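Number of protein chains: 2
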Amino acid sequence: MAENKISNSEKTCTLKEVLDIIGGKWAMPIIYHLSKGKMRFKELERSVEGINTRMLVKELKNMEANAIITREVFATVPPTVEYALTIKGEKLMPSIVSLHQWGQEFTL
Amino acid sequence: MAENKISNSEKTCTLKEVLDIIGGKWAMPIIYHLSKGKMRFKELERSVEGINTRMLVKELKNMEANAIITREVFATVPPTVEYALTIKGEKLMPSIVSLHQWGQEFTL
Numbered sequence: 301m302a303e304n305k306i307s308n309s310e311k312t313c314t315l316k317e318v319l320d321i322i323g324g325k326w327a328m329p330i331i332y333h334l335s336k337g338k339m340r341f342k343e344l345e346r347s348v349e350g351i352n353t354r355m356l357v358k359e360l361k362n363m364e365a366n367a368i369i370t371r372e373v374f375a376t377v378p379p380t381v382e383y384a385l386t387i388k389g390e391k392l393m394p395s396i397v398s399l400h401q402w403g404q405e406f407t408l
Numbered sequence: 301m302a303e304n305k306i307s308n309s310e311k312t313c314t315l316k317e318v319l320d321i322i323g324g325k326w327a328m329p330i331i332y333h334l335s336k337g338k339m340r341f342k343e344l345e346r347s348v349e350g351i352n353t354r355m356l357v358k359e360l361k362n363m364e365a366n367a368i369i370t371r372e373v374f375a376t377v378p379p380t381v382e383y384a385l386t387i388k389g390e391k392l393m394p395s396i397v398s399l400h401q402w403g404q405e406f407t408l
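Protein chains in written order, with this note's numbering: chain A, 301 to 408; chain B, 301 to 408.
If a hint is listed, it holds; no wrong ones were tucked in.
Which copy is meant is left open, so a pair is good if it fits within one copy or across any two.
Below, computed lysine to any residue pairings styled on SDA-like, alpha-carbon distance capped at 25 angstroms:
| # | residue 1 | residue 2 |
| --- | --- | --- |
| 1 | Lys316 | Lys336 |
| 2 | Lys316 | Lys338 |
| 3 | Lys316 | Pro394 |
| 4 | Lys338 | Thr314 |
| 5 | Lys336 | Leu356 |
| 6 | Lys338 | Arg371 |
| 7 | Lys325 | Arg354 |
| 8 | Lys336 | Thr314 |
| 9 | Lys342 | Thr314 |
| 10 | Lys358 | Ile321 |
| 11 | Lys336 | Glu390 |
| 12 | Lys336 | Lys358 |
| 13 | Lys391 | Gln404 |
| 14 | Lys361 | Phe406 |
| 15 | Lys358 | Gly324 |
| 16 | Lys316 | Ile351 |
| 17 | Lys325 | Glu405 |
| 18 | Lys361 | Gly403 |
| 19 | Lys388 | Phe406 |
| 20 | Lys325 | Asn352 |
FYI, nobody ran anything at the bench for these hints, they're computed from the structure.
Quantities reported herein were computed from a predicted structural model and do not represent experimental measurements.
Taking the hints into account, I'd like the entire structure generated from these sequences.
Structure below.
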């Protein structure tokens, strides 16, 4: 496992900070769904199994503040809001896929 | 990102299940520390920054129940207890390293 080691304890802090941002119950499933392309709020709400409106609003705000997603408002009636991954957000996909593969391998 | 896609929505459930097990605040930092070798409870408590005794006990029980770590008791006086990663637990390290690298890249 040598190639997997993180070299010093200072860097563990960063892991904790990463988890503060995307280690909750919903961020990674939301990122996974957005990896397929832009989505509206209602589409996300339908796609992310088990999430409720309040939690989705909170998560999206948090992810926007951390530059993981963008929120674009279109001046339609009623207004349309689309969410999309940023490059920073897309770069989380290998980690998410890797966690998912672990789940597949050990047939949870 | 095509190579990173998870092929169907059924599999998203598994991601959710993975996160139920190791998506909390403490599991991944504990796994990271145990990747360096077996550790006693007190050593882990000192190493995992910010954790308290109650949370560490709870996390270790949960991780043992999910076969991510083993708990070995030695008949010393007082008894010595050592925790170690299983193969299943070690296989989470690439995901953890990948999340950590993301944090490094975006200088949180």
